[in-house]
Amino acid sequence: EAQVTQNPRYLITVTGKKLTVTCSQNMNHEYMSWYRQDPGLGLRQIYYSMNVEVTDKGDVPEGYKVSRKEKRNFPLILESPSPNQTSLYFCASSPTGVGANVLTFGAGSRLTVL
Amino acid sequence: RKEVEQDPGPFNVPEGATVAFNCTYSNSASQSFFWYRQDCRKEPKLLMSVYSSGNEDGRFTAQLNRASQYISLLIRDSKLSDSATYLCVVNMNNYGQNFVFGPGTRLSVLP
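Protein chains in written order, with my numbering: chain G, 1 to 114; chain U, 1001 to 1111.
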């Protein structure tokens, strides 16, 4: 089944404890992206990647890092989480090229930072 | 001005009603357009892509007006299961990707 898989789905952590949220897709998509969703603010892009070893900042990159060493994986790293990073996180991927390229989302990761 | 704007909602409609959502986008060079559906705290899922000629999928009809930079979604004969938030999504870059999301419009279909 074609899908985007995120882990963990739920996580409670404490301020300053480094964590990684993994994202993997099995559709050979070039483009991958991370979003956070907060009440009243909609989906905001954190980082995106157009292909292996190519990453760029989105609208809200502060406090996050990413890497794209393999095409299928795009982990989101919080080096020193803070309570304002408590949010619902989504990873998404899509093919690139001319045409209407559809984004496919993972099921989401709900993070609470105490 | 926000890049993608939508009706603020929420829309509360009875079963069987017809409801229309509107969306405007600011970048006239935008290339691809979509409507996504998001159930409470779940991932957005593609409802339909929007083509220049307009397109229909069962009870759902999407229209695009490039001159006015306007997208619409019409839902006919609303069902309880249509209750969700509807997101207007614009890809502002045809080859690369620059997906911009509207804030969403919440629909509640009431029995």
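One or more hints might be untrue.
For the chain G half of the interface with chain U, some residues (derived, Cβ under 8 Å), not all of them [as the list claims (entries may be wrong)]:
#1 Pro61
#2 Pro75
#3 Ile77
#4 Val102
#5 Phe105
#6 Gly106
Chain U regions said to be covered by chain G (calculated; three or more residues, Cβ under 8 Å) [claimed, not checked]:
#7 1080-1087
#8 1102-1109
Think of the hints as simulated: they come from the structure by calculation, not from any bench. For glycine and all other residues, C-beta sits at the position ideal for the given N, C-alpha and C.
Now for the hints, and whether the structure bears them out:
| no. | hint | verdict |
| --- | --- | --- |
| 1 | Pro61 | 15 Å, violated |
| 2 | Pro75 | 18 Å, violated |
| 3 | Ile77 | 21 Å, violated |
| 4 | Val102 | 5 Å, holds |
| 5 | Phe105 | 4 Å, holds |
| 6 | Gly106 | 6 Å, holds |
| 7 | 1080-1087 | violated (count 1) |
| 8 | 1102-1109 | holds (count 3) |
Violation of the numbered hints given earlier is confined to hints 1, 2, 3, 7; the remaining hints are satisfied by the structure.
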